[in-house]
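Protein chains: 2
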Amino acid sequence: MINKLRIGIVGLGYVGLPLFLEFSKKFNVKGFDLSKKKIDLLKKKIDYTNQYSKKDLKKISNKNIDFNSDILKDCNFFIVTVPTPVTKNKRPNLSAVVSATKIICKYLKKNNYVIYESTFYPGVTEDVCIKIIEKETELIGINNKNKNKNLDGFYYGYSPERINPGDSKHGIKDIVKVTSGSTHSSAKFIDSIYKKICLAGTHQAESIKIAESAKVIENTQRDINIALINEFAQIFSKMNINIYDVLRAAKTKWNFLDFSPGLVGGHCIGVDPYYLTYKANKIGYDSVLTLAGRKLNDDMHNFILKKLYKSLNKNFKKKKYKFLLIGLTFKENVNDFRNSRSIVLANEIIKKGHNLDVYDKNVSIKEFKKKNKMNIIKKPKKNHYDAILITVAHRDVRKFKKEYLYSLLDDKEKGKIFDVKNVFNQKKFLTI
Amino acid sequence: MINKLRIGIVGLGYVGLPLFLEFSKKFNVKGFDLSKKKIDLLKKKIDYTNQYSKKDLKKISNKNIDFNSDILKDCNFFIVTVPTPVTKNKRPNLSAVVSATKIICKYLKKNNYVIYESTFYPGVTEDVCIKIIEKETELIGINNKNKNKNLDGFYYGYSPERINPGDSKHGIKDIVKVTSGSTHSSAKFIDSIYKKICLAGTHQAESIKIAESAKVIENTQRDINIALINEFAQIFSKMNINIYDVLRAAKTKWNFLDFSPGLVGGHCIGVDPYYLTYKANKIGYDSVLTLAGRKLNDDMHNFILKKLYKSLNKNFKKKKYKFLLIGLTFKENVNDFRNSRSIVLANEIIKKGHNLDVYDKNVSIKEFKKKNKMNIIKKPKKNHYDAILITVAHRDVRKFKKEYLYSLLDDKEKGKIFDVKNVFNQKKFLTI
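First to last, the sequence lines map onto chains U and W.
Residues in the first sequence are numbered consecutively from 9, following my numbering.
Residues in the second sequence are numbered consecutively from 9, following my numbering.
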């Protein structure tokens, strides 16, 4: 279809950067990101998401990445990898996708390709993005219905990202990737391009909407499964039954699914379900189950705090406690604290007027302070806290000795350690 | 603890019969079942649940099974394997467990053991069953608190069944079984007895309540996962997106869980969640998520019928249709039609005044007619039906040719085939 492929990637974050690196091994690839800072760091071979080492990034030729979109001007195969978060009201926020699409419009030529990788609800590619391109350019999106009309047009597709931050086992090379395209032949072509880097194979979906649907249900399924375990945890907690003991027994069944209770944040699991429920609502379907799961997971920090306060109030006659919170990122072994439910939890503590230190070795104190008004410390204080909350099971946290944790408590008898992820499996510690 | 073990099994159904057969290989075992008919069949080496062949049952010595409970009189290790269904109001129905417990009371002696295998909510063993025994006998349940008081007592435990009807791969020998006991040493003893037959191993839970909790969440997890896929199916159906195409794409992700949409009946998945939610409700917790899943699954027959009627009404101007329903059991490859949602669906069709034939080669027509007022047929009629609904993916159903199915339709053009489990993967067929 295209003789000399020149790929242009819009967005060099969790999704775009690995794609840029893999495609660069096989094709002529340009990378664009709005953030001058991100580009400057990449040119210095620093990956701010901490997924790649300097050595990994050495292969990037600095002339192939830029924060000026003109870097894309000779490209003919555009891939959009910008984030699709939700608004404060939990509705899809497509602004980055819209901006990226408009940027591409400046460079899009006849018979070029535009592929989206961001999480969408079914219909965003065709009903939102392609409409924008058709409006902004003179070109028509070519699909199975109009493909024989000899139009001046462009092809498009959707190939959802399956990046799992902090998980080096499931890189692009290692996983099967879903692809789709606007016509039979363009779908096949897009699939053939991805096949060059997805060594585990691709799955060419029957349509763009099917590919979009597959993506949006994947993380929704994880969300509901964690929510269910959180519901179990709440029930058993009321009966003084340790959920982790129960899960250990249940997991011995051959088909029991291994999920743990906890806080659910991040850019995928806590967000993607809202894309589905938004679209469902638009077409008159109330996603009772999906939304019940979301609500349950979103309220877990309150359950944790209630349990902790109850336990502390039994031991102390204080109105204000001194807390230490360990773990600020949205998941373990990443440095990204955006969309972190630990921070939501921390803010609840602060709101109640308690004294709070927060600690996370994986997080840049400077970056954290720019975004959050809380007392992030380099080192926990000794003999100081009434309670310690451990919310994220980072590798470095797992290595803590329980004696070290006790040494941070002011009152070793009455003080409490709340081990949300049951990392230490100590009967004396509180857990979910 | 007991020198000469004599096991007495109360209930010889899905759970009790396999247990009887396995334990008989190693111990002196007696089997009791209230049903004279079931015992008579077993004596003729016929398993009414269709799990065992005549050859398998040959090993049963007829003198070891009876419908008279006196068969249990010399036993010292009692195992209760009776069903725990729900009432019409979806509350736990413990009547069979209570009856079984009272029967055991007649034969229970000092230092004997009573083990329950039925699905319970946490607390049924200790708060219901053991209380009954203590009331009906002079014996005291010995637990970790009173074990040093030198009481005239009995030991007890809970070891949940993990029988999967129709699944020969996961027999007692092949799976890990959870065990628990009332004292540390009795737990160990009970575990050692089960280890003799559970060749894949056992998991000795920390307490009886933990073992009960583990059991009750296992099927609840399956229920919610199917419910979620059913919610997806309903959303995508409204958008004319085929859920099975979506699932095929999603399943290419390494951690996507392979569940299918459909009707959820039977004695476990559709029942066990109510045991958990009942207990949760008693202690003041509203199991929003679990109940939302239950409701969704319980309503699926209405979704299917609505979709079918809508499609038929487009093609025909009829008020009454001629339907054929294929599949009457609660799951594939079993002959058990109790708690089948296909029958709930069939009754809805009849209620609307349509003409309905039902067909299932796996079901005994005589038995079916005793319990259900509907026209069960030996062979579907040719050139007769307006629509065919295939609800259960039995092995014999999977072998049907689509030409055969069309031959049953009156109008081959306008007639509809609704393939609930997408067995035939035909774009022309309707599906969930």
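Keep in mind that a hint or two might mislead.
Copies of the same chain are indistinguishable here, so a pair counts whether it falls within one copy or spans any two.
[Claimed, not checked] As a list, the in silico BS3-like pairs of lysine-lysine whose alpha-carbon atoms are at most 30 Å apart:
1. Lys387 <-> Lys155
2. Lys303 <-> Lys259
3. Lys436 <-> Lys290
4. Lys246 <-> Lys390
5. Lys203 <-> Lys155
Source of the hints: derived by calculation from the structure; they are not laboratory data.
Computed from a predicted model, the values in this text were never measured in an experiment.
Against the structure, the hints:
1. Lys387 <-> Lys155: neither (63 Å within a copy, 48 Å between copies)
2. Lys303 <-> Lys259: both (26 Å within a copy, 26 Å between copies)
3. Lys436 <-> Lys290: between (49 Å within a copy, 28 Å between copies)
4. Lys246 <-> Lys390: neither (33 Å within a copy, 59 Å between copies)
5. Lys203 <-> Lys155: within (24 Å within a copy, 67 Å between copies)
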